[in-house]
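Asker: Chains as they are written, first to last, in UniProt numbering: chain C, 1 to 256; chain H, 1 to 328.
Since the hints were derived computationally from the structure, they do not count as laboratory data.
In silico DSS-like links for lysine-lysine, alpha-carbon gap of 30 Å or less:
(1) H:310 <-> C:90
(2) C:20 <-> C:233
(3) C:64 <-> C:175
(4) C:90 <-> H:311
(5) H:310 <-> C:95
(6) C:189 <-> C:175
(7) C:233 <-> C:90
(8) H:311 <-> C:95
(9) C:189 <-> C:90
(10) C:20 <-> C:234
(11) C:64 <-> C:11
(12) C:20 <-> C:90
What follows is a set of in silico ranges between Cβ atoms, one per label pair, in the way DEER data are often shown:
(13) H:218 <-> C:205: 24 to 32 Å
(14) H:218 <-> C:18: 30 to 38 Å
(15) C:95 <-> H:307: 24 to 32 Å
(16) H:36 <-> C:81: 58 to 66 Å
(17) H:207 <-> C:158: 13 to 21 Å
(18) H:243 <-> C:124: 44 to 52 Å
Which chain H residues stay away from chain C? Per the calculated CB distances, all over 12 Å, these:
(19) 30
(20) 37
(21) 104
(22) 119
(23) 120
(24) 124
(25) 289
(26) 294
(27) 299
(28) 302
(29) 303
(30) 305
For glycine and all other residues, C-beta sits at the position ideal for the given N, C-alpha and C.
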Amino acid sequence: MTGLPILEISKISKSYGAVKAVNDVSLHVGRGEIAGLIGPNGSGKSTFFDCSTGLQRPDAGTVKLDGQDITGWSLNRIAREGRMLRSFQKTVVFKALDVEENLVIAGQMFTFPSLFSTFGIGRLSKKRISGLRDRARELIKMAGLWDVRHQPAGNLSGGQQKLIQFASMLMPEPKIILLDEPMAGINPKIIERVIETILYANKSLGVSFLVIEHNIDVVTSICQRVVVLDQGKKLVEGLPHDIIADERVREAYLGG
Amino acid sequence: MSLADTAQQIRRRDLRLPLAAILVVVALAAPFIGSRYVTHSLIIALIFMLPAHGLNLLVGYTGLLSLAQAAFFGIGAYAAGLLAVHYGTPFYVNATAAGLLAGACALPLGIPALRLRATSFVMCTLGFVIIGQAIAKNWISVTRGDMGLSAIPKPHFALGPLSFTVSGTTSFYYMALAIGALATLAVWMIVRSPAGRNMIAIRENETLAESLGVPTWRYKLLVFIISAVFAGVGGSLYAHYLTVVSPLTFQMYYSTTMLIIVLGGGAGTISGVVFGSLLFVGLTEALRITPELRMIAYGLCLLVLVFWFKKGFAPVLNRFWDMIGGAK
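Modelling step: build the complete structure from the supplied sequences, incorporating the hints.
Answerer: Okay, here's the thing in C-alpha cells:
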C-alpha cells in the first residue's frame, strides 16, 4: 500500500439542472486496497461512479488511474486501456448467451490488439479465443458455476448472475474493479461466495476495489477504509468501525 | 443407453449431408429444371439477398434497425450503371466500385445517425432513402433525372486477352449465384469471428458491452458501412440485370422488402436470410404473373409470420435440420 494510489479522483462535480448530484468530491483508492463508498439513497454514489468510469462526463474534476489522467475517456476506453472495470446494479450479464460466452466476450478486447483484428478467423484468432476459453473455464470453476457453464446466463438465479458478472470482470486481469451494490438482492449463501471471490481477487490477483454497498456487515468485513457521501458531498472518511460509530453518519442515514 | 435407443439412432441416419448435396445440385441445375421465369425469379431473389445479408449484420447481429438499405442499393446501382454506360468497364470493376461507393457514403451518414437513439435512428435512415431519390431525380447532368439510365450493357469480364459477356438469363443466374454464395460465406466469416461475438454483445446489452471494453460506437459504424457495401454490390447486380436504373430504385418498398427478408427469414441467422430471400422475393416475383394472387399470397405470408413465427422461419429450419440430423 505504498506509493501512488491506483485511483485518484479529485474534486468531481456533476449537476442535473439545479440539482448538484455530486459536489466537489475527492477520493482515492490505494494499491491493493478495498475501499468502501456508502451513503443514503440519493447521496450521489452512483453518479460519482458513473463520472469516474466514463459513463457520464463530470462537470469538473479529474480522474487519475495509475498516474494517468483519464478524465473524459469513454467507458470502453477506461475498461480497455485503463483496465478499470465496473459493475452495474441492474445490468449484470448477457442473458441470452451462455456463461462461458459471457466470459469470453469480457476478455476479447483485451486479447485482440485492434478492432480490425477481431474480424480474423484464422489460426491466430482461434488460438487467442481458445486461450480466453481456458481462462474463462478456470474462473467459472472458481466461481462455482461449472455445472451451469453452458446454460443461458438469464436462466440462472440473481446471485449466480452476479457471480458471472464478477468472473467476467476478472477476465481482463483488471487493476481495479468498481462494484455498484454487488450484494443487492442476492441470498446470504451467495453473499458469502461473493465475499470470498472479492477477497481472493484482492489477495491472489492483486486487484484493488472500490465498493458501493448498503449491507453494513459486508462493508465492515471486507473494506479497509470507508468514505461516506451525503447529499452529493463527502461527509466523512475513515476506518469501518469508526464510521459506524460516527454520529454524523448515523444522522445522515436516520435523519435523512 | 438402452437397446431401443441404439436401434433408433441407427434408424435415424444423419441426412444433413445428403440434403445439403441435393440443395447444391438443385441450385446448380435450377435453370435447367425450371422455366426461364423461375430462373428470373431466382435471380431477383439472389440480388435482394445481398442487401438483406448486409442488413442482417446490422439488425440481426448488432441490433440496429435501419431502413437505409435501399439508399445504398440505389447508390450501388447508379455507380455500376454509370460506369458501364460511360466507360464500359468490366463487371467486377463496377461491382467493386458500387460496393466501395456505397460504403464510403455510409461513413458520413452513419457518424451523425448512429449518435441517435433507436427510434430516431430508424427515422434518420428512412431519410437517407428519400434524399437518395431526390438526388437521383434532380442531379440531371449525371443521373438523367426521371429518365434514369437505360441500355446498361450486360456484364462482361475481361481477363487479359480473354473476355466474355454474361448475356443470357442462365449465365446471369450462375454469376448471381456465385456472388450470392461468396456474400453468404463473407457473412458467415464475420459472424463467426470475435467481432461477430462483440456485435451480438452490443445487441444484447450495449452498456454492458461498453463496460467490458468493447468500442461499441466504432463497431456500429463499421457494421453500418459493411452492410452498405453488401447493398452496393447488390445494386450493381440489379443495374446490370435489369439494364435500367431510375430514381425508383431508391424506394421504401425495397427497404421494407429487405427488412421483411431479414425479420421474416430470421434475424441473426444466415440460413433465415437465404430462405427469406427465396420466399419473400423469389416467390412474390414468381407470382407476378397473377398480380391479384400475388398480393394476397404476400399478405398471407406476413400474417402467418406475425402470428406463428415471431422469430422468423429460422427456428423452424433449425429444428428441421436437427431432426434430419438424427437429433432427438
